[in-house]
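S.K.: Now for the letters of each chain:
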Amino acid sequence: MKFRACAIFCVAMAGGVPAWADGFALDRVYHPYVEPMEREIEWRMRGYPADADVGERLQMHQIAYGQAIGERWFAELYAVGQSEAGAALEPEGWEAELRHQLTEQGEFWADWGLLFELEREHGDVWEASSGVLLEKEHGQWSTAVNVSLGVEWGRGIDRELETRLAVQTRYRRSPLFEPAIELHAAEDTLAVGPAVLGELRLGNRRSLHWEAGVYAGLDDRTPGRSFRAGLEFGF
Amino acid sequence: MRKLLGVFGAICGATAVLAGPPEFQLEIRDHLFFPAELVVPANTKVRLLVINADPTAEEFESYELNREKIIPGGRKAVVFIGPLAPGEYPFFGEFFPKTAQGKVIAR
Chain A
1 MKFRACAIFC VAMAGGVPAW ADGFALDRVY HPYVEPMERE IEWRMRGYPA DADVGERLQM
61 HQIAYGQAIG ERWFAELYAV GQSEAGAALE PEGWEAELRH QLTEQGEFWA DWGLLFELER
121 EHGDVWEASS GVLLEKEHGQ WSTAVNVSLG VEWGRGIDRE LETRLAVQTR YRRSPLFEPA
181 IELHAAEDTL AVGPAVLGEL RLGNRRSLHW EAGVYAGLDD RTPGRSFRAG LEFGF
Chain B
1001 MRKLLGVFGA ICGATAVLAG PPEFQLEIRD HLFFPAELVV PANTKVRLLV INADPTAEEF
1061 ESYELNREKI IPGGRKAVVF IGPLAPGEYP FFGEFFPKTA QGKVIAR
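Keeping their order, the protein sequence lines are chains A and B. Quick note on the numbering used here: the first sequence kicks off at 1 and runs consecutively. Quick note on the numbering used here: the second sequence kicks off at 1001 and runs consecutively.
Worth flagging that the hints you see were computed from the coordinates, not collected in a lab. Be aware that one or more of the hints could be misleading.
Stated by the list, open to error - Ranges of calculated distance between the beta carbons of each label pair, as one might list FRET restraints:
1. A:153 / B:1035: 28 to 38 Å
2. A:214 / B:1097: 29 to 39 Å
3. A:41 / B:1063: 18 to 28 Å
What the hints assert, rightly or not - With a straight-line Cα cutoff of 25 Å, these simulated DSS-like cross-link-like pairs (lysine-lysine) come out:
4. B:1045 / B:1076
5. B:1045 / B:1103
6. B:1103 / A:136
7. B:1098 / A:136
Stated by the list, open to error - Listed next, the stretches of chain B that the computed footprint assigns to chain A, with coverage defined by at least 3 CB atoms under 8 Å from CB atoms of chain A:
8. 1060-1068
9. 1078-1092
Note that CB positions come from ideal geometry on N, CA and C, so glycine has one too.
The shape of chain A in the complex, shown without the other chains:
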């Protein structure tokens, strides 16, 4: 662990990447569904303020285009930018993502899917991961669980395995407003907090999906306060 922290610090110093950013695993919680013919443009951001007890403030932004491939696969390509300590947003890398729907919604005890991701960060650092997506509906409530295992490699860091867990339980109150509670856990993240989700129909198969959440860190490696938000324009 100490060696990994040192390695990341070295990469950070060499490439201008904040050491903490690597371990900040707060992100969107995925659902195991794919809609054929679906296309979307997405913006996501996540970060923590300056007084979050882990150093300078950080904001990470992602802009993506995604589309369904056939009936069961969805591919998405992200450009990633990062801003630290109030500095201007700078390109940080890219991500490619492939989501697969394994089971028909409602067919079994729970719905299942798979997620594959490949990331390249500034400084020639790579991460590949694969994960299982699960969703269980219980009346007006729905719980999504994401479990993933990844490997990180590249210049200046040791090849190592990383695990992530994200759990979201949401109340399906109305299409526009669904309150939720989320838990995010990874090597350097343990955070819990409320989130809200919703979707606005714009007609003619266009929709705007939004998500936002604020989280409290549950250990001293996690920012005391952090946040995430996202918008998806589906068409």
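Start from chain A and add chain B according to the hints.
M.R.: Using the frame of chain A, we list chain B on its own:
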């Protein structure tokens, strides 16, 4: 005799499990759902076979049923719904929402 009845009962039970949930059909034709009101048993999971007889795609969508499913033109798709509490659950076709409307009635 009792043993024989037991074996017969087990086979019937296994057949029922293998047969899966009861199936209902819904057809999309001229951007309308047929039937527009579909009665299904309450508290039972059902398999809904949606047949799109139109040449254009349509989406079976219902927030109340928590389902969204696109069915390309001339194709079929399966939507599992329930178990539902007794009541009415509206659905619509997102491609032609003005005409393609209906409801599932669980009773």
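S.K.: Just to make sure I understand the rule, a stretch counts as covered if three or more of its residues have a C-beta closer than 8 Å to a C-beta of the chain. Does the stretch 1078-1092 of chain B meet that for chain A?
M.R.: Held - the stretch 1078-1092 of chain B has 5 residues with a Cβ nearer than 8 Å to chain A, which meets the minimum of three.
S.K.: Could you tell me whether the CB distance from residue 153 of chain A to residue 1035 of chain B stays inside 28 to 38 Å?
M.R.: 58 Å, violated
S.K.: Do the Cβ positions of residue 41 of chain A and residue 1063 of chain B conform to the proposed distance bound of 18 to 28 Å?
M.R.: 23 Å, holds
S.K.: When you check the alpha-carbon spacing of residue 1045 of chain B and residue 1103 of chain B, does it fall within 25 Å?
M.R.: 16 Å, holds
S.K.: Three or more residues of the stretch 1060-1068 of chain B near chain A by CB distance under 8 Å?
M.R.: holds (count 4)
S.K.: Decide if the proposed pair is consistent with the structure: residue 1103 of chain B and residue 136 of chain A, CA atoms, cutoff 25 Å inclusive.
M.R.: 24 Å, holds
S.K.: So the hint says 29 to 39 Å: do the beta-carbon atoms of residue 214 of chain A and residue 1097 of chain B match that?
M.R.: With a Cβ separation near 35 Å, residue 214 of chain A and residue 1097 of chain B satisfy 29 to 39 Å, so the hint holds.
S.K.: Next pair to validate is residue 1045 of chain B with residue 1076 of chain B; report whether the Cα-Cα distance is within 25 Å.
M.R.: It holds: about 19 Å lies between the C-alpha atoms, which stays within 25 Å.
S.K.: Check whether the Cα positions of residue 1098 of chain B and residue 136 of chain A lie no farther apart than 25 Å.
M.R.: 32 Å, violated
Checked against the numbered hints above, the structure violates hints 1, 7; every other hint is satisfied.
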